Amino acid sequence: MGIPVTHPEKQYLEFLAQGQFMLPRSRSSGRHVFYPRIAEPQTGAMDLEWVAASGRGTVYSTTVIRQRPPATSYNVALIDLEEGPRMMARVDGIPPEAVHIGMAVAAMITRDGEQPLLVFTPAEGA
Amino acid sequence: MDAFPRAGAAIVGAATYGIGEAPGFDSIDLAAHAALRALAAAGLQPKDVDGLFVGLPQDYLSGLSMSEYFGIRPKVTDNNRTGGSAFMTHVMWASLALAAGQCDVALICYGSNQRSNAGKLVSSMKQPYFEGGYRPVMPVAAYALAAARHMHQFGTTREQLADVAVAARGWAALNPEAFLRDPLSRDQVLASRMVADPLSVRDCCLVTDGAAAMVMVRADRARDLAARPAYVLGAAAATDHMNISAMPDLTVTAAAESSRRALAQARVDLEEIDNVQLYDAFTINTILFLEDFGFCPKGEGGRFVQEGAIGPGGRLPVNTNGGGLSCVHPGMYGMFPMVEAATQIAGQAGARQVPGAKLALCHGNGGVLSSQASVILGAVETV
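As they're listed, the protein sequences go chains A and B. Heads up: the first sequence begins at 0 in numbering that gives the first Met the number 0, then just goes up one per residue. Heads up: the second sequence begins at 0 in numbering that gives the first Met the number 0, then just goes up one per residue.
Please note that a few of the clues may not be correct.
Said to hold, decoys possible - A few chain B residues that don't get close to chain A, going by computed Cβ distances all over 12 Å:
{"no.": "1", "residue": "Ala2"}
{"no.": "2", "residue": "Phe69"}
{"no.": "3", "residue": "Ala98"}
{"no.": "4", "residue": "Glu130"}
{"no.": "5", "residue": "Phe303"}
Stated by the list, open to error - Here are a few chain A residues that face chain B, going by a calculated C-beta distance under 7 Å:
{"no.": "6", "residue": "Glu8"}
{"no.": "7", "residue": "Phe20"}
{"no.": "8", "residue": "Ile37"}
{"no.": "9", "residue": "Thr62"}
{"no.": "10", "residue": "Val75"}
{"no.": "11", "residue": "Leu77"}
{"no.": "12", "residue": "Glu81"}
{"no.": "13", "residue": "Arg85"}
{"no.": "14", "residue": "Met86"}
{"no.": "15", "residue": "Met87"}
{"no.": "16", "residue": "Arg89"}
{"no.": "17", "residue": "Ile100"}
{"no.": "18", "residue": "Leu116"}
As the list claims (entries may be wrong) - Chain A side only, calculated, beta carbon under 10 Å to chain B, not exhaustive:
{"no.": "19", "residue": "Leu12"}
{"no.": "20", "residue": "Phe14"}
{"no.": "21", "residue": "Thr61"}
{"no.": "22", "residue": "Val63"}
{"no.": "23", "residue": "Ile78"}
{"no.": "24", "residue": "Ala88"}
Worth flagging that the hints you see were computed from the coordinates, not collected in a lab. Computed from a prediction, not measured in an experiment: that's the story for all the values here. Heads up, the beta-carbon is just placed ideally off N, CA and C, and yes, glycines get one too.
Chain A extracted, bound-state conformation (with noise of 0.2 Å):
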């Protein structure tokens, strides 16, 4: 039996500080929930435990938030993770305005300041 989900935010964040990406599954329905909450969507099922997210995803949309200089544009993701949720991120790597629909990604934990941060990048061979 994997960890449980009690802490969803707090849990979340120290397994990124620790370099996994993790996913709550619930037990039940085998069914993968993003963002992390203490319960499955619509059914209330309380046996969400985490899971290793594979890291692969596909770009559902994207766009660039453009800066005045000498502050620069960057990317603004939506992702959709070959588990089945949908997240927000930020494709690095390439230039934002690169990113484009449909564009398969891989995960990868950068940081934020202080916190860790979940971004992707192209996959290989895309």
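Keeping the supplied structure of chain A fixed, place chain B upon it in accordance with the hints.
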């Protein structure tokens, strides 16, 4: 269909105040000014109000604040907050409360000094930990993601988005109260500063001050207080999500559900609607909502709005006041579509009057395409 009291209540006073810049006022002062105008139009005073519906920008107990300000003791107060759609839900609950005899005179009002006070859109939404780290400038980032997806899936173009802004400006030019009235071309929209791709600054609503208010009574009293009341024929709301990452399909909003139920309550076919007043926080909203209402198939909205089709002289009058894009956007815009519809139905819209306007679809949007609420207003001939 549910048992909504079709035409059980009517708007007998509708007013705006301080559209554009109104320096030196608190938001509650602006709301009070609009409320007093709306009450005066119906020959009423604050002491006549026993049902109060309000949602001031940064005041979570604004039902109490506004009651105290006016020195009244309402039997019903509501400051339901679903974002900019809240005011359509206020009309829904006011209709039900009036029908049930829980109150006799309902006042709905809103005001914001956000332009004079802050100079930018003031959002009361806290970014959650699972989105905040990516610094999505909200709300524009969410709407940009929806627009990008719509363009990808249906071939919608930036030119078609721009035509929504051009149509809004065309109407605004006919409205002396509108904040921006200078001519605006498609090329000017396309050349304006990009904010979040594919949305430029002219795809985004204004940041203004402004207030609006409406007074509602039961239908049996309406004709005593107003020459041409706007009867509430239907009102329905639907909740979809809170954060844009949780929206199931960024090209389909819950407006499809709220408008369908409101039209069913009203026993009105979409083809009978002669003016549409909707919450155009961004140009993509107008396209999404017109599709979701059913004016065109999903994905055809860009083609539906292009080249003046929803502007003055077009096939469907949409946002005849100039909308949030060119008339007024004081943080939440939901009151203004209904005030404009009531003004059209009263025949008092001046140069922008839709000839014979008698059936309006008003639509509010809250959050980031999150909450959708629709109200059908009709003239006495439709009752």
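Enumerated hints in conflict with the structure, sorted upward:
Numbers 4, 7, 8, 12, 20 - these are the hints that the structure violates, sorted from lowest upward.
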